[in-house]
Structure formats: structure tokens, C-alpha cells
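Engineer: These protein sequence lines map, in sequence, to chains A and B. Residues 1 to 363 (my numbering) make up the first sequence, in order. Residues 1 to 685 (my numbering) make up the second sequence, in order.
Calculated directly from the structure, the hints in this document are not laboratory data. Note that CB positions come from ideal geometry on N, CA and C, so glycine has one too. Possibly wrong hints are sitting among the right ones.
To be verified - DEER-style ranges, computed between Cβ atoms:
no. : chain 1 : residue 1 : chain 2 : residue 2 : range
1   : B       : Arg126    : A       : Glu35     : 42 to 52 Å
2   : A       : Phe154    : B       : Ala60     : 35 to 45 Å
3   : B       : Thr223    : A       : Ala6      : 53 to 63 Å
4   : A       : Leu183    : B       : Gln133    : 51 to 61 Å
5   : B       : Ala122    : A       : Pro94     : 51 to 61 Å
6   : A       : Glu209    : B       : Lys123    : 38 to 48 Å
7   : A       : Val24     : B       : Leu35     : 25 to 35 Å
8   : A       : Gly150    : B       : Ala109    : 51 to 61 Å
To be verified - Chain A is nowhere near these chain B residues, computed Cβ spacing over 12 Å in every case:
no. : residue
9   : Ile104
10  : Gly221
11  : Ala522
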Amino acid sequence: MARKLASDTMLFTVTAALIGFGLVMVWSASTALAEEKYDSAHHFLVRQLVCAGVGLAALLATLRFDYRRLRGRGVVAALLLLATFLLILVLFLPTVNESRRWIRVMGLSFQPSELAKLAVVLFLASHIARREERVNELFTSVFPAFLVLGWFSFLISIERDIGTALTLAVTGCVMLTLAGVRLRYFAVFGAVALASLYQMIVLAAYRRERLSAFINPWADAQGSGYHIIQSLIAVGTGGVTGVGLTDGRQKLFYLPYAWSDFIYAVIGEELGLVGALLTVGAFLLFLWRGLRTAFRAPDRFGMFLAGGLTLSIVLQAFINISIVLGLLPPKGIPLPFVSAGGSSLVLSMAAVGVVLNVSQHAD
Amino acid sequence: MLNGDLLRDKDRHPPSAPLPSSEPMVRLRFMMAALGIVLWALVIALRLVQLQILEHREFAVRAQRQSERTVSLDPRRGPILDRHGRPLAVSVEVESIYADPQSIADADAAAAALARALRLHAKERRSLGAQLQRDRAFVWVKRKVDPTMARAVKALKIHGVGFLTETRRYYPKRELAAQLIGYAGIDNTGMWGVEYAFDDALRGHEATVVVRTDAHRRPVGYTERPSTEGLTVVLTIDEAIQHVVERELDRAVNETASLAGVAVVLDPTSGEILALANRPTFNPNRFSAYDSSHWRNRAVVDAFEPGSIFKIITAAAALDERVVDPDEVIDCGHGMIEVGGQVINDHAVFDALRFREVIARSSDVGAARVAQRLGRRSFARYIADFGFGAPTGVALPGESRGIVRPPERWSVRSLPTISFGQEIGVTALQMASAASAIANGGYLMQPLVVRRIENRDGKAVKTFQPVVVRRVIQPATADTMTEILKGVVRHGTGKAAALAGYQVAGKTGTGQKPVASGGYSAMDHFASFVGYVPSHNPAMVILVSLDTPRGLRNQGGDVAAPLFARIADQALRRLAVPPEDPRRVMRVTLNDSPAGTASSLKVDVFTRQMPAVVTEGVMPDLHGRSARDAAVTAAKHGLVVRLRGFGRVSQQDPQPGSVVSAGDTCVLTLDNDPTPSDFTERRGA
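Okay, chain A solo, but in the shape it has when bound:
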């Protein structure tokens, strides 16, 4: 064992810290709802603990084998097909919270879009590594990349999970940019994406309202602006040091999804500027260690795999935080590691396992 190469302990530590912090915040944010709905103040905490356990297993599993095995066409294709199958399957399942995001099996729910995110990042890393100098060849390099990215963004967005779709699209585009794909190609993809986005926003009244509420939430404080305002009130109330852990009031059904998508608002209220900045700092630390791993990766695949996974997590975190702070229009996406939500936690931890795996092979 002594000869085993060390993985990045700091990356692991910051991940573990965020997850532990998340457990505390989920517990604080969810007790009121848990007591009311499940007769147990610890309902969400227990679930999150179980998921963290499963996630740890996934992390250790993805850490164990040589990451280069993931590069094989067969593995990538299999994952893409599985994700496609599950994303299509979910469309035929009953809706949950007005959207079709979850597959429920025996009391457990699974969100295929989280798997799709990993699969796409893996595909892009593999694709970029394979194409190397030829990434700007239109039909062999650029077109397949955008095709896969567009396909999954489309599938996820028709589940009414625009947030995850956009996060995926942004992550993918960043990865392709890093690989050196010319910007004009993005213009085409962007045009298609915007056109479909416009179509969806105009067609769905609730999205249109959300967007206008983002622009001026106070115009309809009791209606469409309510969620944003409650989130801002929570954060603003926190002040510098917060009202104290568990003492927040906004989680008492003022905030939407206080334990998941808006958990950062609870952090801001209960732990104040200090807690909110430390959370941002933790993700920056995560970014640094993840990109450091990417830089030290022995090959292009490792570089883009570690970089892509790191970026997908940090970008999602910052998009979530920006939504909570009213800097971006509200979309339902979780704060990685922190928000309650099994699929997100397990697959994020699996992703960290992959990054740690790459870090073992550093030059």
C-alpha cells in the first residue's frame, strides 16, 4: 500500500467538508417540512445520509480502476445510450412537481439528467482527446460534438428541466472552447439553442412569468416575484454573521425548496455573509484542485475529463448561487454536494471519484 500513488487529499477534503456542511444545512432547512409531512424531523437528513453513503461507495468505485478505461468507445457509447434510454423512459412516467425528471423505483428516485451530464462530459473528453489537433474539422469533430450536446440538452429540456439542460450546454461549450473549437461554430449552436429556448419560453406561460419576475420581482411580490423575493429576504436578513444555525425563519415555507434548490438562501440567512462566502470559497478551492489535476493529467483525455467534471460541478454551483441571489433567472438546479437530492449527490461524488482517479496519475 505504501507504494500506492496518493490522490489529491485536499480535493477529497473540500468535497467531504461540503457534503458534511450540506448534511447540517439540509437538516436545518428541512425539519419543519419533515415534521409536517413525514412526522420525523430527520426524514431528509436520514435520506441524505444514506445517499452520502452510496455516493462514497460510488466515489471509491470510480477511484479504483484506471480512468483510461473510460476512454473506450464502447464505454462512452454504452453510457450515452443508457442515458438516452432513461431520459426517454422518464417521459412516460407520471409527472412529479409538474416535471418529468425522476424515475421512482421502490421508494428511491433517480434523476437521469444527472447521469446524462456525466455521460456527456465523458463523451466530450474522449472525443476531444481523440480528435486532438483536428477538433475544428466540421463534420468529423465539431458536428458530432454539438449533435450529442444538443440531443441531450433537448431531451433534458423537454422534461421541463431547463436548468440542468442549460448547465449541461454551458459546461459542454466551455469544454469545447477549452479544446480550441472556433467560436463561429458556437454561433450556429447558440442560434439553434436560443431559437428553441425562445420557443419554450414563449409557449410556457410560467417560464415567461419567471423571466419577467427576474427582471423586476417587486412588480408582483405576492405572485411571480415571490420566490426571488423570499430568497433575497432570507439572504439579506442574515447580515454579516447570520441569525444562527436553525434559527432561520424563511425556511418556514417562505422559501421554495429551502432544503434543495434554495439551500444557499438558508445558508445566507442562518450563517450570514461569513457562511455564504466560505461556501463560495470552498467551491473555488474545489475548482483550483480540480483544474490542478487537469493540468497534471498525463494525457489529454485525463485533462479534459478532470477539467470537464470539475467545471460541470463548479459552474452548476455558481449558477445555483446566482439564481438564489437574483443574478440569474430562477431555474431548478441543486447546489452540488450541499442540496438535498440523491441523484445529484451520488453522481457528483462519482464525478469527484473520477477526478481523484486522474489526480493519482499526475506527472
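On the provided structure of chain A, position chain B as indicated by the hints.
Structural biologist: Frame of chain A, contents of chain B only:
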């Protein structure tokens, strides 16, 4: 283990795909991406600073506003009692109707139904309709409603309409001492009179309950600050005497068709106001139904030209300065006097009068002559010493200081005219207070309206002791004044103020009303009388003044003196003051009220059939007997009974067994001295 070795082996090999030449560019792009995200983090940090530091306060207020509801519960306002603990103002529970517009299904229908039940006007109904449309969790429908209306609204059973118990001020004696007691408004705040002056004590502290709610408006916790009930204010007013004063003033004002009238009864030894009444008056239970002039406490707020009653000040000053002797003959100049080229005419032609007759017959010229001997500085000093030109300091709102010009601004006419009460403005209370200083031997006392403030358990929180402002005249001067003023009633202008059995000292006054054009009205005047009784050791000073009485005989001596007499006669009995005249006895009979209290005694004064059988007898032992019992027994022996205190007899004079004859005075000291704390137990009854 095996896996790890495998990895290491692979690592030793050169990379399968050597890093391409674009590597530095890729690294640069990675750095740019990282920089971009750091900038994003900076934006987030700035936004956090904006929300959590710069706008923290607004958001905190917003959070509080949406998650906290403060419910204020009015404290119960303390009662106002008379000196014997009889309630004059109390708080009673009434119901107030509120609505939660958010949970009212049909606001229009609800407004219509409520308006019908509450008999609202069209305007009130419209505003109620608007209130019920508001996006609020709480609006008042109507506060402090009659029980019948409350029942009618309850019968409607409208969802979202609720009831709260509040307290409302109730004045059980209606008009009694209305201007002095004042009134409290709908929110139980004292607005006038004692209610206003002692509002801090009466009000108490409101309870606040801060209820924290979740987004579904369900309470999740609360903090409470309990209320403290208002304190009890015990007045110096004696309800029984006040009642007499109200009734007699009413009668006099009606009989003379006066515009207004005031009456003040003071205890000259303590300065306590025993009664104070004003006409016109109002019912404080419906204070808003009256013109504000009815609320005015004229006796304290209004200054008037006192006229001849002010001669008691002139006389007292002249006697105290020894510039005149009571029996000295004053030249009354055939009813006129020339001052600074102008002639002052007296109301009658007097030639030469002894000074005591100047007062008894109320000669203006005589008073003016004496005032001239006094000089303006000296006279002005006495005027100020008697308390004129300065507030008395009585704890009632809006007190006037009167109108007294400093002597350096007096004209040549001022000295003589002030001497008979013109060119000077005084309040009825100032005048009564000044007369008290003569009655009590020379001390100006501060008028007191409140005896003490006590908590709910009847423990005194604050006691108001008599306050001597200053000594004004020598005791000998006061005695001489009393002799002179007795003459006024015995054979002078104030004969109508005489009482059987008591000697009255007093002075009439007919103060002409100034008119707007300057000078004085020939028709309109204040008819006044100020006096005290018994002349020796007076129990009370009474000032009465009628504003513009009508009729052929409407002078002070004609209308004010009899009013004085009627008030004094009944008030003396209420106070059980023994007659000064030995031929008269006080008969004490019983009422059917609880035993042993002074208020259950009916006191009557009548002339003993003289020279009836002078029964020489032996003084019985009255120790330990109840007041009424002892008084009745003593009265049967023909004794003049003088009671001190309450309860049972603890001392008696003469001692048992001594020889007494009818008409002798018998002093019975009861075991409860009339000290403040003794009234508390009686109030419980």
C-alpha cells in the same frame, strides 16, 4: 494493490499520445476559464455584500413584517374614585368587531350584512366595504359596540369576522364633575381633565404579543410582554358634596337663565377641592355629542373680573399693613371719587362708613380710598401673594394664570378699580384659594384635586400632602377679616347667605362684564359669592359665580348668596359639621345602608325647642359603640355631637359619668382616623 502497481507501470511508460503542440494554448484557455469563474465569484461576493450589509436592514424589516404579527392588548385603565372610594370613572369590558378580509368570501355581501346589523350610514358602509376589500389580515369593523349590536353581528356568523374584548371608559355618575374628571377617547387615552392630567398613571402599559408565523400564517412561537393595569386615582372630590353642588348650581343657572356658572368648594385647611362644578355641562359617556365649550372647566380655565368679592383681598391687605382700622370711619365721598380727572360712581350713595361697613355694604369708593392708602406696590404684592396672576398649580389641564398687570403698567385709575375687582382677571379657583387663605388663618394652600394614587391592591403609590405655598396675612388679620365678613352676611349685602345654626363669613360680588367696545356693560355681569363656614374653624370655602343672570334682582347678593347658602347647608350636613349655635343640635338618624359608616348617617340640624326641659344628665359611656349608635344616644341627651373619624368610639369628651346638660358639645373620636389609608377597606364594600 495489484491495480496500483498496474497504474504505476503504465505511468512509467511515455504517454501513449504525446501532448500536442497546441498544449500551451489549451492551458492558457483553462487559465482564462478559471479566471472567468473567479470573476464570477467576485460578482457573487459583491452581491452578498450588497444584500447582507448594505440592504440588510430593509430585508430584516421585510422579513419581520411578513413573519411577525404584533398584537397589542390595551391595559385596563385605572378607575377614578371620589375621596371615599366611590367610582366616578371606571373601565368596562365591551366587544369590538374586526375582520380578516383575506378569509371573507364575499366582501360586498359581508359589508352589507354588517352595515345592517350595525345600523351604519351609507358613508360608513362604503368605507367598511372598502376596508373589507383590502389585502390585510386585520381590519376593525367597529370598535366598542353595544352588546345588542354585538349579538346581532354574532348571529350573522360571517366567516372571517371576529370579536375582541376591549375596555371602554364608563362614567357612572354621568355629568357629575364632568369637566374636572374629563374623558378618555376611544383608544382609552385621557383627553381632558384628570383623565388627561393623570393619564400616565391611569393608562398602564399595554401588553404586546409578537407572534411569529410561517408562510401559511400558522404561529410558530411568540414573545409576550405582559400589561400592567392602570393605577387608581383617588380624588379629593366628595361625591356627596359634588352632587349637592351640581344640583344647586343647575337650579340656580336655570332659575336665573344664566349663560354659565361655576361653583368651587375647598377645604381651607388642606386646599383639597371637595367639589367643583361648571355649567353648561356634558355627559362624558357621550362627550363627542357636545360642543367643546361644554367640556371647558371654566372654574380653572376662564379668567373673569371678580368685582366686589375681590374687596376681601383689598381689605385683608389694608388690615395686614395696618393702614386702616376696622372701626375707622372712611369718607365715602357721597358716592363718588375723582381719580386722575375721572369720576368713579359707587352703586349707592354713602357718606361716611366705618371700614367694616365699607365691606359689608360693598362701597367701591371706600375700598378705593383704602387702597390708595395702601399704595400700588404694597397692594400689588398682596395680590401676588394671594396667588393671583400665577397658576395655582392644581393638577388640571389648561389652567389660566389670570390677568394681572404689573404695578408699573397700572394707570392712575388702576389702583382704585382693582380694589373693587375690575381691571383684573382671576379664575374661580384662584379666588376660592385666596379666600381659603383668609379662612384658615393666613396660609395660601395649593389646591389639590387628587389625594393619592394607588395600585390595584389599594396600596398608595403616591400620596398628595397639603402644600403650603406661603403665609399671606397674619392670623390676627384673618380673625378681623372673619369678623368683618360675618357682618356682610349678618346685616350687609350677603344676608341671603345666612344659615341657621352656623355663622357664615362671606362677600358678595357683582362684577360687570367688559364689552368689546371698551368699558363695561350696564346689563351683563358676573354675580358671585365667596365665603366660608363655620366662621370659626371653617370646614369649607365655597365660591359660586353665575355668568350673566337675568331677572330684576340679579346681583351677587340676590342670586349667588342664596346659592351659597343652599350648597353650604347641605354640605355641612354631609360633613357632619356641628352647628356653632348652642341652641341648635345636630340630629343623627340612620339610613338603611351598612352600619358603622359615616355615609349611612343622616345628619340634620334643627332648633331645639327652647327653653325646653334642660335635662341635666350624666354622660353615658359610649366607648366601643358604633358611630351611629353613639351619636343617636348622645343626641337623645340633647348633646351636640361632633364625630371625628370612622368606626367605633375610642375616646369621648366629656368622660362617662360627668354631668352634662342639653346643648353641650360632645366630641366622639372614632377608632379610624380619616387618614387616607382608611378609605380603602370601605371601597371594597
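Engineer: Each of the hints needs a verdict: does it hold here or not?
Structural biologist: Tested hints:
At roughly 46 Å, the beta-carbon separation of Arg126(B) and Glu35(A) lies within the given 42 to 52 Å, and the hint holds. Roughly 44 Å separates the CB atoms of Phe154(A) and Ala60(B), a value that falls within the hinted 35 to 45 Å. Separation of Thr223(B) from Ala6(A) is about 54 Å and conforms to the stated range, judged on CB atoms against 53 to 63 Å. Leu183(A) and Gln133(B) have their C-beta atoms about 57 Å apart, which keeps the hinted 51 to 61 Å range intact.
The hint said 51 to 61 Å for the Cβ distance between Ala122(B) and Pro94(A), and at roughly 56 Å that hint holds. Remark: the range hint 38 to 48 Å for Glu209(A) to Lys123(B) is upheld by a beta-carbon distance near 40 Å. The supplied range of 25 to 35 Å is met by Val24(A) and Leu35(B), whose beta-carbon atoms lie about 32 Å from each other. The given range of 51 to 61 Å is respected by Gly150(A) and Ala109(B), whose C-beta atoms sit roughly 58 Å from each other.
No beta-carbon of chain A is positioned within 12 Å of the beta-carbon of Ile104(B); the least distance is around 18 Å. Remark: the non-interface label on Gly221(B) conflicts with the geometry, its nearest Cβ contact in chain A lying 10 Å away (cut-off 12 Å). Look at Ala522(B): its CB is around 75 Å from the nearest CB on chain A, clear of 12 Å, so calling it non-interface holds up.
Hint compliance for this structure: hint 10 is the single one not met.
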